[in-house]
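S.K.: Work the whole structure out from these sequences, hints included.
2 protein chains.
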Amino acid sequence: MTQLLDLDEVGGRVERTELPGGLRVLTETMPGVLSATLGIWVDVGSRDETPAVAGSSHFLEHLLFKGTTTRSALEIATAMDAVGGEMNAFTAKEHTCFYANVLASDLPLAVGLLADLVTDATNTAADLESERTVVLEEIAMRDDEPADAVHDLFSETLFGDTPLGRSVLGTVASIEGLTRDDVDGWYRQRYAMPRMVVTAAGRVDHQQVLDLVTAAFGDRLNGDGGPAPLRLGEQGATSPARSTGLIARRTEQTHLLLGTPGLGRLDERRYAAAVLDAAVGGGMSSRLFQEIREKRGLVYSVGSALTHYAGAGAFSVYAGCSKKRVPEVLRLIRAGLDGVAADGLTDEEVARARGQLKGGMVLGLEDTGSRMSRLGKSELSYGEYLPVREVLARLDAVDEQQVREVATELFGRPTCLAVVGPYRESDLDRL
Amino acid sequence: MTQLLDLDEVGGRVERTELPGGLRVLTETMPGVLSATLGIWVDVGSRDETPAVAGSSHFLEHLLFKGTTTRSALEIATAMDAVGGEMNAFTAKEHTCFYANVLASDLPLAVGLLADLVTDATNTAADLESERTVVLEEIAMRDDEPADAVHDLFSETLFGDTPLGRSVLGTVASIEGLTRDDVDGWYRQRYAMPRMVVTAAGRVDHQQVLDLVTAAFGDRLNGDGGPAPLRLGEQGATSPARSTGLIARRTEQTHLLLGTPGLGRLDERRYAAAVLDAAVGGGMSSRLFQEIREKRGLVYSVGSALTHYAGAGAFSVYAGCSKKRVPEVLRLIRAGLDGVAADGLTDEEVARARGQLKGGMVLGLEDTGSRMSRLGKSELSYGEYLPVREVLARLDAVDEQQVREVATELFGRPTCLAVVGPYRESDLDRL
Numbered sequence: 520m521t522q523l524l525d526l527d528e529v530g531g532r533v534e535r536t537e538l539p540g541g542l543r544v545l546t547e548t549m550p551g552v553l554s555a556t557l558g559i560w561v562d563v564g565s566r567d568e569t570p571a572v573a574g575s576s577h578f579l580e581h582l583l584f585k586g587t588t589t590r591s592a593l594e595i596a597t598a599m600d601a602v603g604g605e606m607n608a609f610t611a612k613e614h615t616c617f618y619a620n621v622l623a624s625d626l627p628l629a630v631g632l633l634a635d636l637v638t639d640a641t642n643t644a645a646d647l648e649s650e651r652t653v654v655l656e657e658i659a660m661r662d663d664e665p666a667d668a669v670h671d672l673f674s675e676t677l678f679g680d681t682p683l684g685r686s687v688l689g690t691v692a693s694i695e696g697l698t699r700d701d702v703d704g705w706y707r708q709r710y711a712m713p714r715m716v717v718t719a720a721g722r723v724d725h726q727q728v729l730d731l732v733t734a735a736f737g738d739r740l741n742g743d744g745g746p747a748p749l750r751l752g753e754q755g756a757t758s759p760a761r762s763t764g765l766i767a768r769r770t771e772q773t774h775l776l777l778g779t780p781g782l783g784r785l786d787e788r789r790y791a792a793a794v795l796d797a798a799v800g801g802g803m804s805s806r807l808f809q810e811i812r813e814k815r816g817l818v819y820s821v822g823s824a825l826t827h828y829a830g831a832g833a834f835s836v837y838a839g840c841s842k843k844r845v846p847e848v849l850r851l852i853r854a855g856l857d858g859v860a861a862d863g864l865t866d867e868e869v870a871r872a873r874g875q876l877k878g879g880m881v882l883g884l885e886d887t888g889s890r891m892s893r894l895g896k897s898e899l900s901y902g903e904y905l906p907v908r909e910v911l912a913r914l915d916a917v918d919e920q921q922v923r924e925v926a927t928e929l930f931g932r933p934t935c936l937a938v939v940g941p942y943r944e945s946d947l948d949r950l
Numbered sequence: 520m521t522q523l524l525d526l527d528e529v530g531g532r533v534e535r536t537e538l539p540g541g542l543r544v545l546t547e548t549m550p551g552v553l554s555a556t557l558g559i560w561v562d563v564g565s566r567d568e569t570p571a572v573a574g575s576s577h578f579l580e581h582l583l584f585k586g587t588t589t590r591s592a593l594e595i596a597t598a599m600d601a602v603g604g605e606m607n608a609f610t611a612k613e614h615t616c617f618y619a620n621v622l623a624s625d626l627p628l629a630v631g632l633l634a635d636l637v638t639d640a641t642n643t644a645a646d647l648e649s650e651r652t653v654v655l656e657e658i659a660m661r662d663d664e665p666a667d668a669v670h671d672l673f674s675e676t677l678f679g680d681t682p683l684g685r686s687v688l689g690t691v692a693s694i695e696g697l698t699r700d701d702v703d704g705w706y707r708q709r710y711a712m713p714r715m716v717v718t719a720a721g722r723v724d725h726q727q728v729l730d731l732v733t734a735a736f737g738d739r740l741n742g743d744g745g746p747a748p749l750r751l752g753e754q755g756a757t758s759p760a761r762s763t764g765l766i767a768r769r770t771e772q773t774h775l776l777l778g779t780p781g782l783g784r785l786d787e788r789r790y791a792a793a794v795l796d797a798a799v800g801g802g803m804s805s806r807l808f809q810e811i812r813e814k815r816g817l818v819y820s821v822g823s824a825l826t827h828y829a830g831a832g833a834f835s836v837y838a839g840c841s842k843k844r845v846p847e848v849l850r851l852i853r854a855g856l857d858g859v860a861a862d863g864l865t866d867e868e869v870a871r872a873r874g875q876l877k878g879g880m881v882l883g884l885e886d887t888g889s890r891m892s893r894l895g896k897s898e899l900s901y902g903e904y905l906p907v908r909e910v911l912a913r914l915d916a917v918d919e920q921q922v923r924e925v926a927t928e929l930f931g932r933p934t935c936l937a938v939v940g941p942y943r944e945s946d947l948d949r950l
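The listed protein sequences derive, respectively, from chains A and B.
Position in the first sequence (from 1) plus 519 gives the number in our numbering.
Position in the second sequence (from 1) plus 519 gives the number in our numbering.
Any given hint could turn out to be false.
Because identical chains cannot be distinguished in the list, a pair is counted as satisfied if it fits within a single copy or across any two copies.
Derived pair list, reagent style SDA-like, types lysine to any residue, alpha-carbon separation capped at 25 Å [said to hold, decoys possible]:
(1) Lys814 with Leu593
(2) Lys814 with Arg768
(3) Lys842 with Arg769
(4) Lys814 with Gly696
(5) Lys814 with Leu655
(6) Lys842 with Asp662
(7) Lys814 with Ser841
(8) Lys814 with Ala623
(9) Lys814 with Thr597
(10) Lys843 with Ile658
(11) Lys814 with Tyr706
(12) Lys843 with Ala598
(13) Lys814 with Glu648
(14) Lys842 with Lys896
(15) Lys842 with Glu903
(16) Lys842 with Glu648
(17) Lys843 with Ala668
(18) Lys842 with Asp700
(19) Lys814 with Ala692
(20) Lys843 with Asp667
(21) Lys843 with Gly540
(22) Lys843 with Ile766
(23) Lys842 with Ala824
(24) Lys814 with Thr588
(25) Lys843 with Ala767
(26) Lys896 with Thr638
(27) Lys896 with Pro746
(28) Lys814 with Ile658
(29) Lys843 with Gly696
(30) Lys842 with Arg949
Rather than coming from a laboratory, the hints here were simulated on the basis of the structure.
Source: prediction; values computed, not measured.
M.R.: Okay, structure coming up:
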């Protein structure tokens, strides 16, 4: 079994400071690395949008790279490429993150650059028009990749016409309708220091990061960020909004997600759910992989996943296979979930899943990016930082009984099915 | 600019031993990490296959995970999942690699497991039948992802009906036709110690790895591996086999690759070509990204790539966009390449591209997997290990004149165009 005796060697020192203005800064010093990964997190995502402006948060994330009052898009890109750093950003349902991975000696450059585009973007009308087609092309790209499209379709099927049900990208109609006032207004309102967190991991010094961040932010973004998101008060439904969703397309494979409403992010049962997920569909030794791929050779990909949001979540199983194999694959997935709900897992399976999660977590700690990300999510989404040892201890405390209880709860809920493939709506009832 | 003063801190110690039987073992000891990544490399890939058995190397890579004389597929998967390690494999045109990333204390387990499946696989007829559908599903998945499909189509267009032109996956017909004798025979012939390399990077000790490998391999795979691949003697053509390739499909975006024959892996101009590639289409500040995405917003993705094989290679530009934008995007790509061929790059662009490549290379060194991979490719493909300092020095030595020469050579060659999108063959002549 995995030995964690040397954990102190990779366990960095985490420090947290709230600066005047409300900006929070968290750093983690990792021994033995040359690089640093910096993240600027904003507590805004597609979950905060109304349908008319769906996709604003993601559009804005693009737009900030187009220029500030002192730097053009080319100058932004040139500064980072010249030092071989990697700079990018992503928008999720509940947050937006701008990040850069650089050699430690280039950290001042990275802080100056990312802070500039986050605090001082111009968001001109001309840039907005140019970037509108880029975002529309990104939507088209998603539509062309059935394994991507089925994930957005699943959210829509499970969460229905709610913010969580809508794609981060928005729709063609909402993107075509966005005005400069919509997007820039979203920026002026939401990008405010109390809503933001800066995280850095690697060869970093907390005080140096504080000094760099203080200088780079100045007194910009001094607003309050508007009304706080109501997410924490939301309670997820235990039934899907719809039972099926279909994107009819003449693909070679049918791409499907079968799932149920899951647990909210702060639900104490999430550790037991993680063990359940790993044992059911999380690795090559999992029940679904063994039954569906190894024993019967019906698919190339099959696996399960947990998604957590504030007060809501999902458990889902993905599979991709030829249409003729879909009925048997679905039968096996359902039988697998029913079996676990009825009889639980063996102690050996629980122990193995715990080992898998713990080992994977420790291996992930060697990467400055995953540590930076862990700090950001802890602060923004969980409101507390759990040391690695504590997470490992909580996983160790999961037993077969807890896993069975969460399996009975989750797999007893009504399921929904999202399908991208050569079907008609009327076909889905028979699946 | 990137400072590399601290390089010694991440530069590990590389050791190489050739064991009796011809098996080569290379290790790199990295300070400050808890994990190790192990790779077992075999000098066999799709380039060694005849059309009738196309896909044998990749099929075999799958089959080895199905069981050995002492372990079932479930036992193989269970052993790795229990310690949270990540185990997988990939097949390329010129090699096959089995690898595992584990905590250092689990390295003995990883060596024992990977060596077992590589040296003692049973390859039963029943397992072959089961895995045949898995590989066919993998081909269907590739076909459903236009960005993947266009890459295989480009190889076919550029290299034509030669081993390099064929997909690693094989074709539906070749996979349906493979017999147990074909695949197991390929294994018995090609998997032999003189054709194989074991590499490990991270918290590893060279002597320990030698002892583990010696015990795990025993005297199995004592053959000579059959005739050596003739690749090194091949000379790549300077014209594409065909000028266009099309997969007609009703996609939202047209996915295209425009490219030319490139340089062989040992060509001394490869460092200048890497600088050229970075400046033309390698990052956000590159000419193509700036012209096509930033200034005009015509695409979400555009970028260039170099591929090197023994004695042959490719330079290509990928773009994905709506059909109506394709003529302008292609015009801009061609104008961009022509401009560099005629006028070269500015000294500033060359300096920035050098910095980008050097910084990216040093940042990549923090990952045990990329070091393991670097060792394997050095030994199998290049026949020598170049220290990081030496590669950085060669990049530093690239000047504007060298870049201009290689641009004139490569961009002066006839191009070919591979397209996945809503077109007919007759449309392509007009692109």
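S.K.: Would you mind marking each hint as holding or not holding in the structure?
M.R.: Taking the hints in turn, this is what the structure says about them:
Taking CA atoms no more than 25 Å apart as the test, Lys814 paired with Leu593 passes between copies only; the shortest distance there is 9 Å, against 53 Å inside one copy. Within a single copy, Lys814 and Arg768 get their C-alpha atoms no closer than 29 Å, and across copies no closer than 34 Å, so neither meets the 25 Å cut-off. With identical chains, the CA atoms of Lys842 and Arg769 are at most 25 Å apart both within one copy (11 Å) and between copies (19 Å). In the homo-oligomer, the alpha carbons of Lys814 and Gly696 lie at most 25 Å apart only across protomers (21 Å), although the nearest pairing inside one protomer, at 50 Å, exceeds that limit.
Taking the closest pair of Cα atoms, Lys814 and Leu655 come within 25 Å of each other only across two copies (16 Å); inside a single copy the shortest separation is 42 Å, beyond that limit. In this homomeric assembly, Lys842 and Asp662 come within 25 Å of each other (Cα to Cα) both inside a single copy, at 20 Å, and across copies, at 15 Å. For the identical chains of this complex, Lys814 and Ser841 are intra-copy neighbours only, at 17 Å inside a copy versus 42 Å across copies, given an alpha-carbon limit of 25 Å. Within a single copy, Lys814 and Ala623 get their C-alpha atoms no closer than 49 Å, and across copies no closer than 32 Å, so neither meets the 25 Å cut-off.
For the homomeric pair Lys814 and Thr597, the shortest alpha-carbon distance between copies (15 Å) is at most 25 Å, but the shortest distance inside one copy (52 Å) is not. For the identical chains of this complex, Lys843 and Ile658 are inter-copy neighbours only, at 16 Å across copies versus 29 Å inside a copy, given an alpha-carbon limit of 25 Å. Proximity of Lys814 and Tyr706 under a CA criterion of 25 Å is satisfied inter-copy only: 22 Å between copies versus 52 Å inside one chain copy. In this assembly of identical chains, the alpha carbons of Lys843 and Ala598 never lie at most 25 Å apart, being 53 Å within a copy and 33 Å across copies at closest.
For a Cα distance limit of 25 Å, the shortest separation of Lys814 from Glu648 across copies, 11 Å, qualifies, whereas the shortest one inside one copy, 53 Å, does not. In this assembly of identical chains, the alpha carbons of Lys842 and Lys896 never lie at most 25 Å apart, being 39 Å within a copy and 39 Å across copies at closest. Within a single copy, Lys842 and Glu903 get their C-alpha atoms no closer than 46 Å, and across copies no closer than 48 Å, so neither meets the 25 Å cut-off. When the C-alpha separation of Lys842 and Glu648 is checked against a cutoff of 25 Å, the pair qualifies only between copies, where the shortest distance is 19 Å, while the shortest distance within a copy is 41 Å.
Taking the shortest alpha-carbon separations for Lys843 and Ala668, both the intra-copy value of 21 Å and the inter-copy value of 23 Å come in at or below 25 Å. Within a single copy, Lys842 and Asp700 get their C-alpha atoms no closer than 46 Å, and across copies no closer than 30 Å, so neither meets the 25 Å cut-off. Taking the shortest alpha-carbon separations for Lys814 and Ala692, only the inter-copy value of 23 Å comes in at or below 25 Å, while the best intra-copy value is 45 Å. With identical chains, the CA atoms of Lys843 and Asp667 are at most 25 Å apart both within one copy (22 Å) and between copies (24 Å).
In this assembly of identical chains, Lys843 and Gly540 lie within 25 Å of each other by CA distance neither inside one copy nor across copies; the values are 60 Å within and 48 Å between. Taking the shortest Cα distances, Lys843 and Ile766 sit within 25 Å of each other both inside one copy (18 Å) and across copies (24 Å). Taking CA atoms no more than 25 Å apart as the test, Lys842 paired with Ala824 passes inside one copy only; the shortest distance there is 23 Å, against 35 Å between copies. When the C-alpha separation of Lys814 and Thr588 is checked against a cutoff of 25 Å, the pair qualifies only between copies, where the shortest distance is 17 Å, while the shortest distance within a copy is 61 Å.
Proximity of Lys843 and Ala767 under a CA criterion of 25 Å is satisfied in both settings, with 16 Å inside one chain copy and 24 Å between copies. In this assembly of identical chains, the alpha carbons of Lys896 and Thr638 lie at most 25 Å apart only when taken from the same copy (21 Å versus 44 Å across copies). For the homomeric pair Lys896 and Pro746, the shortest alpha-carbon distance inside one copy (20 Å) is at most 25 Å, but the shortest distance between copies (55 Å) is not. Taking identical chains as interchangeable, the C-alpha atoms of Lys814 and Ile658 lie at most 25 Å apart only when they sit on different chains, with a minimum of 20 Å there against 37 Å within one chain.
Proximity of Lys843 and Gly696 under a CA criterion of 25 Å is satisfied inter-copy only: 21 Å between copies versus 41 Å inside one chain copy. Only within a single protomer do Lys842 and Arg949 lie at most 25 Å apart by alpha-carbon distance; the minimum there is 13 Å, versus 37 Å between protomers.
Hints 2, 8, 12, 14, 15, 18 and 21 from the earlier list are contradicted by this structure; the remaining hints agree with it.
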